[in-house]
Each structure stands twice: as C-alpha cells, then as structure tokens.
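Q: As given, the protein sequences belong to chains A, B, C and D, one line each in that order.
In terms of my numbering, the first sequence is residues 1467 to 1617.
In terms of my numbering, the second sequence is residues 1467 to 1617.
In terms of my numbering, the third sequence is residues 1467 to 1617.
In terms of my numbering, the fourth sequence is residues 1467 to 1617.
No lab work stands behind these hints, which were simulated from the structure alone.
One or more of the hints may lead you astray.
Which copy is meant is left open, because identical chains are indistinguishable; a pair holds if it fits in one copy or across any two.
Quick list of in silico lysine-lysine cross-link-like pairs, DSBU-like style, CA-CA up to 30 Å [as the list claims (entries may be wrong)]: (1) Lys1479 <-> Lys1616; (2) Lys1480 <-> Lys1616; (3) Lys1591 <-> Lys1480; (4) Lys1616 <-> Lys1532; (5) Lys1596 <-> Lys1516; (6) Lys1602 <-> Lys1516; (7) Lys1591 <-> Lys1479; (8) Lys1516 <-> Lys1613; (9) Lys1516 <-> Lys1532.
On a predicted model such as this, the values are computed, not experimentally measured, just so you know.
There are 4 protein chains.
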Amino acid sequence: MNVAVIGGHASSKKMYSMAQETGRLIAREGWVLICGGGPGIMEAACRGAKEAGGLTVGILPSFDGKEANDFLDVRLTTGLGYARNILVVRAADAIIAIAGEYGTLSEIAFAFNDPKPIVGIHTWKVRGLKQVNSAKEAFSYIKAVLKRRKK
Amino acid sequence: MNVAVIGGHASSKKMYSMAQETGRLIAREGWVLICGGGPGIMEAACRGAKEAGGLTVGILPSFDGKEANDFLDVRLTTGLGYARNILVVRAADAIIAIAGEYGTLSEIAFAFNDPKPIVGIHTWKVRGLKQVNSAKEAFSYIKAVLKRRKK
Amino acid sequence: MNVAVIGGHASSKKMYSMAQETGRLIAREGWVLICGGGPGIMEAACRGAKEAGGLTVGILPSFDGKEANDFLDVRLTTGLGYARNILVVRAADAIIAIAGEYGTLSEIAFAFNDPKPIVGIHTWKVRGLKQVNSAKEAFSYIKAVLKRRKK
Amino acid sequence: MNVAVIGGHASSKKMYSMAQETGRLIAREGWVLICGGGPGIMEAACRGAKEAGGLTVGILPSFDGKEANDFLDVRLTTGLGYARNILVVRAADAIIAIAGEYGTLSEIAFAFNDPKPIVGIHTWKVRGLKQVNSAKEAFSYIKAVLKRRKK
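When you get a sec, could you build the whole thing from the sequences and use the hints?
A: Written as structure tokens, this is what we have:
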C-alpha cells in the first residue's frame, strides 16, 4: 500500500511533530510513504517513516531535485512544477493531509476527484473531508478504510 | 489574452446563464475563452462566447473527445483525465470560477499556486479568493487586474 | 479535424517552405493546425495556415509563452517543457512530421504508441513511418487516411 | 543515483537475460532501478535488481497498476497512459535502453531532449545513441558517464 502525506513547505513545530508521528505509523504498518519530497510537513513525515525503518518516496517538482529533503529513499524529479501534485495523489492508495497551503488544497481536491480515501489533520475545511486531531486518529481512519476496500 | 471559465459538468439554470454571460463578455473583449471543454458551466461559457463571435478552446480529459460540448472551435483531447485541470490553469492569463465541484476546487487551488489572477462567482469559499455576484463584476475585476499587469 | 505539424526549432529554407505549404493545405481543408507553437517548422506551418485563413494552435513548453511564433491564434502555455510534446500528439487526429530533431522523434514515437496516423517529409527514418517528398503528398496521404477512418 | 532501464512489454529470452543482468549490476552498485513497471524487459530488470538486493520503482501507465510486474518495491500508478514515459526519463540520472518498441523510442528521444546520459543494447538505431552488446558494457558506460559528471 502507498499512503501519501501532503502538507506545506513550512510548518509549525506542532504540525511537524504530527507529520513525523504520521510517518512513523505509516512505516510501522509496512506502507510505502509517498510525498512531494520537499521540506516542512513532507520532510517530517519522511523523517518519521525512516525512524521506523520505512520506505519513502518523493515526487519532486524540479528537474534537479535540489528541494529534496534528507529522508528520501527514492527521489523522483519531474520538472513539472506544481503539476506534480496530481502524481502524488494518483500514486497513493490513501492520503493524509496535514495543515498545508494551496498546493495541499489542490491535492485534497484531486483526491475527491479520482477519488482516493483522504483524511485531514488541521488542514483546509473542504466539504466532505473528514478531519481529525491526531496522527493516530488519521492513521486509524485510513487503516479502516483500506481494510474495508480489500474485502 | 486567454481567460478560462471553470465550473462543473452540472449547473443550475441560474449559473448556466451566468456562465453564458461571462462567455459573451470575454468574447466581446477579444479574449480567447479557455475551458475544460465539457458540458454544464463550460458549455454555457462557450455558448455565450460563440454568440458574441469569440474563439473557444476546450482542453478535454478523454482521448476521444466524446464529452466535448457543441460550442468549441478548438477541441484538444489529452487522455489525462482530471490531470488536464492543471493545463486549463496554465493556459490561462486569468480565471473566472463559477459554482463547481471538486474539479473546480483543484483549479482554484492551482490558480493560487502558479499564481494566476482569479475571481469566483458563487463558487468554493477559499481563503484569498475574491467572490462576486455577477458575470459583469467578474469580468470587470479580471479586466482591471490584467490592465494593471500590462503596465 | 486537428492536424499537427511537428518539426524542429531550426529549419532550412527548403523545409521552411515545405512546412508553410503544408500549413496552407491544412487550412484550406478547414482543419485546425496544431503545433508546438515555436519557431522554425512550427512557425512556417502557422504562417502558411494563416495565409489561407486557417486557425492555428500552439501548445507551448514554457510558462510565459515567450517562445511563441507570431502566427498563433491560440497560445497555450503549459510549463511542462518537452513533456508538452505528448500533448501535441494527443490533440491531433493526424500528424505531419517535417525534418526535425529529437523532439520530433519523440512525437513520431508517441504517434505510433497512441496510435495516430502520421506521415513524414524528410524526417527521422523510423520503422513503419511512411515518408513522402512534398507537402502535397503528405496532405493527400493524411486526407485519405482520415476519410477511411470516418467510414 | 537513479538508473532507468527502458524496453518493451515483450522480449526474447536473450534480451530478458540481458535486462536481468543489467538490473543486477545496477542494484549491486547501489543505484535505484527506475522503469515503467510492466512486464518484459521491465520485469527482467526488476527481477535482476531484486536478486541483488536492490530497490525497484515502477512508474505505471494505468490508474490501478494491474500491469505491474512482481518485482517492484514501489508501484506508482499515474493514469497517464504512455505519457508516463516522460516521467521515467525525468526521474532517471541515466538510462539503459534494451531492445524495445515505439514506447522505448519515445524515451530514447526524450533522453536526448532533456538531456540525460543514455546507452542502448540492441535497441533502435538513433543518431547519437551509443550502442553496446552486453549488460556489462552498458553498465560500465553509464558508470563512467556518471563519474565524470560528479567531478
């Protein structure tokens, strides 16, 4: 299973910790962490996933990958700029959105379009988007959704 | 100048009229109308633009273009599905969002990312998005923004 | 019908004339000319199409369209760089390749992949690619193929 | 480093072995193997890489990944069809082309466009493309090129 963590380049300490814990939970479950590969929430999720021995993939906007964070096992440069956001969504079986700016909003919208299961933590209020307050709740929500799907 | 009208496949009669008038105003100004090429708001905007002798372009999700509305001068099939939304935004100098569902939300988000000038009519409430109540107001807003840019 | 003319940024005088005549023939038939929007072969085809009162569309690699030639009715910026080549192929009902470099080769290959009818004039020798020596022959070949398809 | 192996869905036994050995060499060097994720040459390269304990990434054309081979650590569905070919090239630091059909040709062309170092084994004859006769030679060529680049 691929689970994407989406969120902004910048993040508060609180949200950074939240993303890090989310990454840890994803890795412990044996899921591959997909993200946009950059700093902030993306870095935090990758850091957490690597702490738990997980596999991390960054789908990067640039041609050269200089924006890549230090916790990526796989760095995929695209040269597409923000158009790579759609690829993060399409590569994911489920998505956890943490805080975030307009890039994150575009990914939330795409998740509803495709559609892909998604849950948010302190992110954009979007009609139909389930929001929770902790990494654990987000993880449990996604786990339950993916379990139901398999049946 | 390219001005995109974005909005849903389905639309109320009121929003259809609004989009049609928006298309007319765009065409009268000599702007090219860009849209996703489908039914609903997209069709209405194209219909209005053609009434005013304008040029209409649809950037379509499918390979075969069967979803194309009847008022397109240029039908561009992409085979990208909803990923074509980013192309609508990138091809536009400015964007008018009318009502709409998640696809429209993804385009609004991309407009802030790129960034491109955008105004909404009864569409998603998104932080930073100027909303107005009529085609005329939307048109005037975009016209003023594009004028300022040129200087 | 959309017919794409593909070819390089640079071109000999002879190939420029060939592309210009191809553009004229496309426009006279009432087909929309699709191209990559740039200089060289693309410019020549657009110039020819405009001489014959046709409609021209350029799908441009950049965000700002500064590479656009002067004979485009519709300028679609993509910000995708050479990845826009696939969009030229996908938007076309048929393709005429004239001379060209590696970008043109990628489009020829994509035409066989999709697949789309294609003919070449003094372009890359590719297995299965029909090559002719004049704009008129290329035009006639494409016209016959499109006619057969409709039936 | 990411090294892509590109080639067709179908392959002869000889070419399958060649791709498998190429995958092994890539993995032993500690490089990540990037490919289109499907059967044939792609499967062979992934199989080889996994035999040598490497990391394998497939950038898949479909939405659901049903064409994925059994030797992928990371399965990235794109829903872009053959347009995903450009992503394989963009994600790679260097490319090894083995046999292959038109899809492979499009990737070779893109490699020259971007440009990315590339070498071929019994693949399309393309102006400027270095061709060799064995996995070992291809690997050595790419290794030398990447070494020179770093300096």
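Q: For every hint, state whether the structure bears it out.
A: Do the hints match the structure? See the list:
Taking CA atoms no more than 30 Å apart as the test, Lys1479 paired with Lys1616 passes in neither setting, with 36 Å inside one copy and 36 Å between copies. Taking the shortest Cα distances, Lys1480 and Lys1616 never come within 30 Å of each other, neither inside one copy (33 Å) nor across copies (39 Å). In this homomeric assembly, Lys1591 and Lys1480 come within 30 Å of each other (Cα to Cα) both inside a single copy, at 19 Å, and across copies, at 26 Å. Only between protomers do Lys1616 and Lys1532 lie at most 30 Å apart by alpha-carbon distance; the minimum there is 15 Å, versus 38 Å within a single protomer.
Taking the closest pair of Cα atoms, Lys1596 and Lys1516 come within 30 Å of each other only inside a single copy of the chain (27 Å); across copies the shortest separation is 39 Å, beyond that limit. Taking the closest pair of Cα atoms, Lys1602 and Lys1516 come within 30 Å of each other only inside a single copy of the chain (18 Å); across copies the shortest separation is 33 Å, beyond that limit. Taking identical chains as interchangeable, the C-alpha atoms of Lys1591 and Lys1479 lie at most 30 Å apart whether they share a chain (21 Å) or sit on different chains (28 Å). In this assembly of identical chains, Lys1516 and Lys1613 lie within 30 Å of each other by CA distance both inside one copy and across copies; the values are 24 Å within and 28 Å between.
For the identical chains of this complex, Lys1516 and Lys1532 are neighbours both inside a copy (20 Å) and across copies (28 Å), given an alpha-carbon limit of 30 Å.
Of the numbered hints given earlier, the model fails hints 1 and 2; all others are met.
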